[in-house]
Amino acid sequence: MLGVLRSKVAFRANHAWGLEQGLRAIASRAFSSSTKETMTVRDALNSALDEEMSADPKVFVMGEEVGEYQGAYKITKGLLDKYGPERVLDTPITEAGFAGIGVGSAYYGLKPVVEFMTFNFSMQAIDHIINSAAKSNYMSAGQISVPIVFRGPNGAAAGVGAQHSQCYAAWFSAIPGLKVLTPYSSEDARGLLKAAIRDPDPVVFLENELLYGESFPVSAEVLDSSFCLPIGKAKIEREGKDVTITAFSKMVGYALQAADILAKDGISAEVINLRSIRPLDRAAINASVRKTNRLVTVEEGFPQHGVGAEICASVLEDSFEYLDAAVERISGADVPMPYAANLERMAVPQVEDIVRAAKRTCYRSAALAATA
Amino acid sequence: MALTRRYLHLLRPVFSARLLTTASTSPISIETSLPFTGHNIDPPSRSVQTSPHELLSFFRDMALMRRMEIAADSLYKAKLIRGFCHLYDGQEAVAIGMEAAITRKDCIITAYRDHCLFLGRGGTLLEAFAELMGRKDGCSKGKGGSMHFYKKESGFYGGHGIVGAQIPLGCGLAFAQKYSKDDNVTFMMYGDGAANQGQLFEALNMAALWDLPAILVCENNHYGMGTAEWRAAKSPSYFKRGDYVPGLKVDGMDALAVKQACKFAKEHALKNGPIILEMDTYRYHGHSMSDPGSTYRTRDEISGIRQERDPVERIRKLILAHDLATEKEMKDTEKEIRKEVDEAIAKAKEIPSPDPAELFTNVYVKGLGVEAFGADRKELRAVLP
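Chains W and U are the protein sequences, given in the same order.
Quick note, the first sequence lines up with residues 1 to 372 if you use full-length UniProt numbering.
Quick note, the second sequence lines up with residues 1 to 385 if you use full-length UniProt numbering.
Since the hints were made in silico from the structure, they are not lab data.
The model shown is predicted, which means the values in this text are computed figures rather than measured ones.
Do not rely on the hints blindly, as some may be mistaken.
Here are some of the chain U residues that sit facing chain W, going by a computed Cβ distance under 10 angstroms [as the list claims (entries may be wrong)]:
hint : residue
1    : Phe84
2    : Arg104
3    : Lys141
4    : Gly142
5    : His148
6    : Gly159
7    : Tyr179
8    : Ser180
9    : Asp183
10   : Gly198
11   : Val363
12   : Gly367
13   : Gly369
Backbone N, C-alpha and C fix where the C-beta goes; we use that ideal spot for every residue, glycine too.
Construct the complete structure from the given sequences, taking the supplied hints into account.
Written out as structure tokens, the structure is:
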């Protein structure tokens, strides 16, 4: 009997040992960068659209060149072939008309994803976004909900001039009834677009043309078709303890670069990727500022009444006693976007602008050092 | 033209809602007073199939709408209704004729002159008056007001304040009906003022390209606020403005003509895509309660229309001519209606205003537990559920 017991124990021990080895092997594979998957933002958006259209027959895509052209920026590539012209609609160049049609179809219960070739053209349709979509659930006391997504590139591209470079985050985020999302990485793009399409409220989804081609690592979880990010929650991209830098969209990349430079000077910056401008994750921002005691907000858009203004106000209201320095805002210049490359460079934030402002909050600016 | 049966005199004396249920549904054929004019389409016949029951209910329903709007006028002057109030009296035949031709699965969307269309879609007097007075049991819980009545379960999508916006929205409803393979249509109502809006042509183009079951109904009451149609439109033939989209001009003061046109339009739209109906109609009130309606048109014009073309009077005459009810019975009906309206108003006045917590409800379907602020955010904040 003892012999049998001994052999049973041995078997179990052997089995357990095998399992542990196996787990260690899997773990090393997961952390090994050579096998980590990456994905461009473009592919992230495309796959998110594909998966949501596959999962819910009420989801359809509408916009200029989304079908046969495969998307002006190829975000909707392959969708026409897969889902047919009834679910992927090429529209004429009539934003007011097709945005209104999209909203009307959402009233009936469909889930349109309306593409603006860039959000500069959304101004032609802005009455429908705000008066027909955002306010309807409230005015009807809950009878008419509007599960629509308005998506497209937002903000400056490169050399496209004044009428094609505006950032609309601040304008749309002022409106109760809208949700406004600003993905940065591929993980953001997938998770937030899926969340937007599934959300029963109107969502303005602000992408960035210059990010479409950028690759980011994505985990298996992100690649799963059920992956979804919560709306209204920011992400701490990089932890730090000396200064909080908030940013969204392309500026997150700049803020991370600034954080690297600041680290060399002994300043530890915490970079917050806002992900959601409305609702704004005030809790995360304030928690961070209460830890670091310093704030720099970064955005591409115009400075007056910008996203940074709202963040600064929120921090002043909720965390005043925690501030060790005045809040700082970095934004686009207060001018229409110029074309000449040197002027354009001056009209948008650069990494050194973020570094300089962060140092100012730490009383480490070059000018101050000279007078000391 | 001639009655086929005259059973009804056996069933009188009391013409009331009760009598309506016993009124005959046997067909009567009546000619519309004016012919239809077609644009790129052969117009339907002037001979309309109706019944005693239908005519009696037309009278009752239009008289009810008329009474509701006139009562709203008084409530507005008593300051119980605030803000904007756009009244529909004179235009009742459009709402009633349309309802007779369609089902509740068809959709209707309009602008701000929406009280009677709401009633036609099954809305109650109480819901309407409560909403107008901003009370919590109004059809939009007091949060919409005169311009924002909705009844989604009956296919009534509002209730919109921005002139012209309802056309693309209506084409969107039609798009969704086609997408969902529902065998139904959307009627989108707009005025002669809105008829010049660019977004109308944008939406109409797409409706035609995609063969949407869209029916654009221009309620031409000849004045866009204070501007007469000939001063606003180079071509006030609104039924022709669709160009490649067929159109029909209809006597909008004749409920039977409206019914015939809407029936015709529904059949057309389900098979061939969009069509425009121009209803030649008239509003007795000004554009809204702040407009006396007499600075841009003469009192003679208004009283002339009332005498010659009033939609309720037209049906009254038809009922009398076909011996479907007596003068007294119709007067009794009107008294009943007046009582119904007065009772609804009295009840509505008792309903309280919405609870202050309602300030923050319905901003979103899914509020995500986010905070919303009042005027003084340190004083008033709420969590959105």
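With a cut-off of 10 angstroms, does the beta carbon of Val363 (chain U) approach a beta carbon of chain W closely enough for the hint to hold? 5 angstroms, holds
So, Gly369 (chain U) near chain W? Judge it on the closest CB pair being under 10 angstroms. Holds, about 8 angstroms.
Would the stated hint for Gly142 (chain U) survive a check requiring a Cβ distance to chain W of less than 10 angstroms? This interface hint holds because 8 angstroms falls under the 10 angstroms limit.
Against chain W, run the beta carbon of Asp183 (chain U) and see if the smallest gap drops under 10 angstroms. Where the cut-off is 10 angstroms and the nearest Cβ of chain W is about 14 angstroms from Asp183 (chain U), the hint is violated.
Chain W contact restraint on Gly367 (chain U) - CB to CB distance below 10 angstroms: Constraint on Gly367 (chain U) satisfied, holds at 9 angstroms.
Can you verify the interface hint for Lys141 (chain U): is its Cβ closer than 10 angstroms to any Cβ in chain W? 4 angstroms, holds
Per the CB criterion, is Ser180 (chain U) less than 10 angstroms away from chain W? Interface hint status for Ser180 (chain U): holds (7 angstroms vs cutoff 10 angstroms).
Agreement of hint Phe84 (chain U) with chain W interface, Cβ distance less than 10 angstroms: 13 angstroms, violated
Given hint His148 (chain U) near chain W, where the shortest CB pair must fall under 10 angstroms: OK, holds: His148 (chain U) within 10 angstroms of chain W, min 4 angstroms.
Holds or violated: is there a CB of chain W closer than 10 angstroms to the CB of Arg104 (chain U)? Result: violated, 14 angstroms to nearest chain W Cβ.
Interface hint check: Tyr179 (chain U), Cβ to nearest Cβ on chain W, cutoff 10 angstroms. Holds or violated? 6 angstroms, holds
Using 10 angstroms as the Cβ threshold, decide whether Gly198 (chain U) counts as touching chain W. 7 angstroms, holds
Violated hints, in rising order: 1, 2, 9; the structure is consistent with all others.
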